[in-house]
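Just so we're aligned: the sequence shown equals residues 1 to 120 in our numbering.
Note that these hints are calculated values from the structure, not bench results.
Hints are not guaranteed to be accurate.
Distance condition first, Cα-Cα at most 20 Å in a straight line; then the derived EDC-like pairs of lysine to aspartate or glutamate [as the list claims (entries may be wrong)]:
1. K94 - E76
2. K52 - D63
3. K52 - D70
4. K94 - E41
5. K94 - E108
6. K74 - D85
7. K59 - D70
8. K74 - D63
Remember, predicted model here, so these are calculated numbers, not experimental data.
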Amino acid sequence: MGRGRALEVLLGADDIDGDLAERYGYVNRSMPDAELDGFVEALAMRIASFDKEAIAETKRLVDVASLPPDVEIKPEWDAFLAALDRPASQTRIKALMARGFHRAGDVENRLGFHVGQIGR
1 MGRGRALEVL LGADDIDGDL AERYGYVNRS MPDAELDGFV EALAMRIASF DKEAIAETKR
61 LVDVASLPPD VEIKPEWDAF LAALDRPASQ TRIKALMARG FHRAGDVENR LGFHVGQIGR
């Protein structure tokens, strides 16, 4: 996902359906729920049939090429935690909790929508 789309996702804080997430590169693939279990089972079985050392080395090399080093992750995590402590964030979180956040229902199913409704 490029910078523009990343900013749209992060700053927009809205729900993204599977097809759009796939187009943006946010997820590997989008498929109907009824097909998911079969796909995952077949993929897992296929990968499990390969040499374990080759799998581990492939994962390691992909991580080297695509993950930031640990030293870069900590400042990002610290910034996220600091943002949660800000009064504006605490107000928004309390409003979401009052609407049903962390309980089965509409807020959990459409969190992005509800995040966008608070503060209007």
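key: Straight-line alpha-carbon gap K94 to E41, limit 20 Å   = Given pair K94, E41 is violated - Cα atoms ~39 Å apart, limit 20 Å.
query = Under the criterion that the straight-line Cα-Cα distance not exceed 20 Å, is the pair K94, E108 satisfied?
reply = Given pair K94, E108 holds - Cα atoms ~14 Å apart, limit 20 Å.
query = Taking only the CA atoms, is the gap from K59 to D70 under or equal to 20 Å?
reply = 16 Å, holds
Hint consistency between K74 and D63 [alpha-carbon to alpha-carbon, up to 20 Å] = Measuring from Cα to Cα gives roughly 17 Å; hence the hint holds.
inquiry  = So if I understand the rule, the pair passes when the alpha-carbon distance is 20 Å or less; does K52 with D63 pass?
reply    = 17 Å, holds
ask   = Would the pair K94 and E76 pass a check requiring their Cα atoms to be no farther apart than 20 Å?
value = 24 Å, violated
Hinted pair K52 and D70, Cα distance within 20 Å = 25 Å, violated
inquiry  = Against the 20 Å threshold, does the CA-CA distance of K74 and D85 hold or violate the hint?
reply    = 17 Å, holds
Going through the hint list in order, the structure does not satisfy hints 1, 3 and 4.
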